[in-house]
Amino acid sequence: MAERVAITGIGVVTPIGVGLDAFGHALRAGCSGVRRISAFDCDGFDTRIAASVPDDFDGTTWVEPRKMAKLMSRSALFAVAAAAMARRAAGLGAEDVDPCRIGVVLGAGGMGPTDNDLLATQARAVIDSAGPSGNDWNVPRFARAFRERTNPVATLRGLPNLAAAHVAIQNDARGPNSTITTACTAGTQAIGEGLRLIQRGDADVVFAGGADATINPVSVLGFSLLGTLSRRNDQPEAASRPFDLDRDGFVIGEGAGVVMLERESVARARNAPVLAELGGYGVTCDAYRITDERPDAGGAARAIRLCLHDGGVTPSDIDYVNAHGTGTRMNDLTETRAIREGLGSVAQSVPVSSTKSMIGHLLAAAGAVELAAVIVAICGNFIPATINLETPDPQCDLDYVPGSARSGRVDAALSNSFGFGGQNACLLIRRW
Amino acid sequence: MSVDPALVENGRLDPLVRRLVAEVLVVPIEQVTMSRALIADLGAESIDFLDLVFQLEEALGKRIPFTRWQSYVTERFGAGDLSQAITAGVVRDFAECETRAE
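Sequence order for the protein chains is A and B. Note that the numbering used here has the first sequence beginning at 1, numbered continuously upward. Note that the numbering used here has the second sequence beginning at 1, numbered continuously upward.
Looking at chain A on its own, in the form it has when it is part of the complex (with noise of 0.2 Å):
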């Protein structure tokens, strides 16, 4: 019999709280994180929410030595201060493993700066190159503008692969090291990924999640352009409402979730604390189309069944789904049926939710986060709510925990994440 695989830490940085039991709390209550965008000026923007990491979070804190901090980009930062706090968690001391053996798999998002002061800094030497007639582009003086301004060493933090190094650089992970940029599902399948790092053998000790910190200019109108962000500008708090009939889209966040994941024979040895089991991974894609998921939601109920399948389990040990419920009109829909095409009959009873209500959709640390919020389910002994479904959509009729958390024993949960571009994954966690 194969070993299983235990979570053994995790460390969350999310815009409703910092850390395992502030987030866990937060959770219960049915707290959001949304507020009107303050990292720039969003007047005139047609969103103009999103969820942003409390402004008192100073994550270099978890940086050793400090040095460090100035070579990371946000949400390199993020995943340091998550991996760190799900170290401590774990109590993994530096002589407990092999550093050789300590693997580090991190979802990432954006490709080159996404961090507002580089951004400024290259709108500026834009502004300070444009032609006269307002429409062309001096490259050159482009290019002495921008070096005039620009560290060179901030380049280093528009690559999506170094928060991934940083945190083996924290950790001493001489293991092996990769980065997804799957987006939405980023996070999902890094942790799916990390499993399998383990179960073939490759490590023993994983860190794995995902981090993103897009809040932008240019990312929240790419979005925005896209319709896919909500508007509902004016109350901040209720504009994340998946699978509610009123829902518009979803709300842009950032954070880091990462989890510790460990063989259990080692976890055993050195009397780890554990949370829970990492059993079963599913990953498909629609191959389809970039933004419209397949309308018979082939692809993602394919997931929802494959992870059953590596777990070993049927859709009735099913206690809880957290969803991927971006609260856009099209995901909600297509994730209903794929849940029911992947669960069958139980789809009626099981209860699913949608945390992106509270927490807002964090993009790549989304799948992390979100697997945190069943841990806390798990070991909190509730089920997550589903805040702002006041009027449910008829097409959308599961039982999506509306409103406020519920009691309730979860032995087995799924995890679903679907992303742009049709890429599928579900993971199972059970009870240890």
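Note that these hints are calculated values from the structure, not bench results. Here a beta-carbon is modelled for each residue, glycine too, at the ideal position from N, C-alpha and C. Hints should not be assumed to be uniformly reliable.
What the hints assert, rightly or not - Ranges of calculated distance between the beta carbons of each label pair, as one might list FRET restraints:
{"id": "1", "chain 1": "B", "residue 1": "Arg19", "chain 2": "A", "residue 2": "Glu3", "range": "50 to 58 Å"}
{"id": "2", "chain 1": "B", "residue 1": "Phe77", "chain 2": "A", "residue 2": "Asp98", "range": "35 to 43 Å"}
{"id": "3", "chain 1": "A", "residue 1": "Arg88", "chain 2": "B", "residue 2": "Asp14", "range": "39 to 47 Å"}
Claimed, not checked - For the chain B half of the interface with chain A, some residues (derived, Cβ under 10 Å), not all of them:
{"id": "4", "residue": "Ile47"}
{"id": "5", "residue": "Leu60"}
{"id": "6", "residue": "Arg76"}
Could you slot chain B onto chain A? The hints should help.
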């Protein structure tokens, strides 16, 4: 960018260099002395020199191509043990050399 003439007097460069080195390497300023090697003693790595040269450019209002820093160090020390040789004193000499060359 205009250059503060006071910055180019010998006596005023040292405090500037000490401050910049302390900021770039994130060490207490008291630790930045002529005798302490930037790499061996204060933990500087290759990219810190890129950062340092950029900070000097900002402070002096001069453009200092990184290749000039590399040539300066190579000319002075050749293939010698750079980790011992690169001190705050070397950085000061380099900055003075650059402002005089302009």
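Okay, the hints, checked on the actual structure:
no.	hint	verdict
1	Arg19(B) <-> Glu3(A): 50 to 58 Å	holds (55 Å)
2	Phe77(B) <-> Asp98(A): 35 to 43 Å	holds (39 Å)
3	Arg88(A) <-> Asp14(B): 39 to 47 Å	holds (42 Å)
4	Ile47	holds (5 Å)
5	Leu60	violated (13 Å)
6	Arg76	violated (23 Å)
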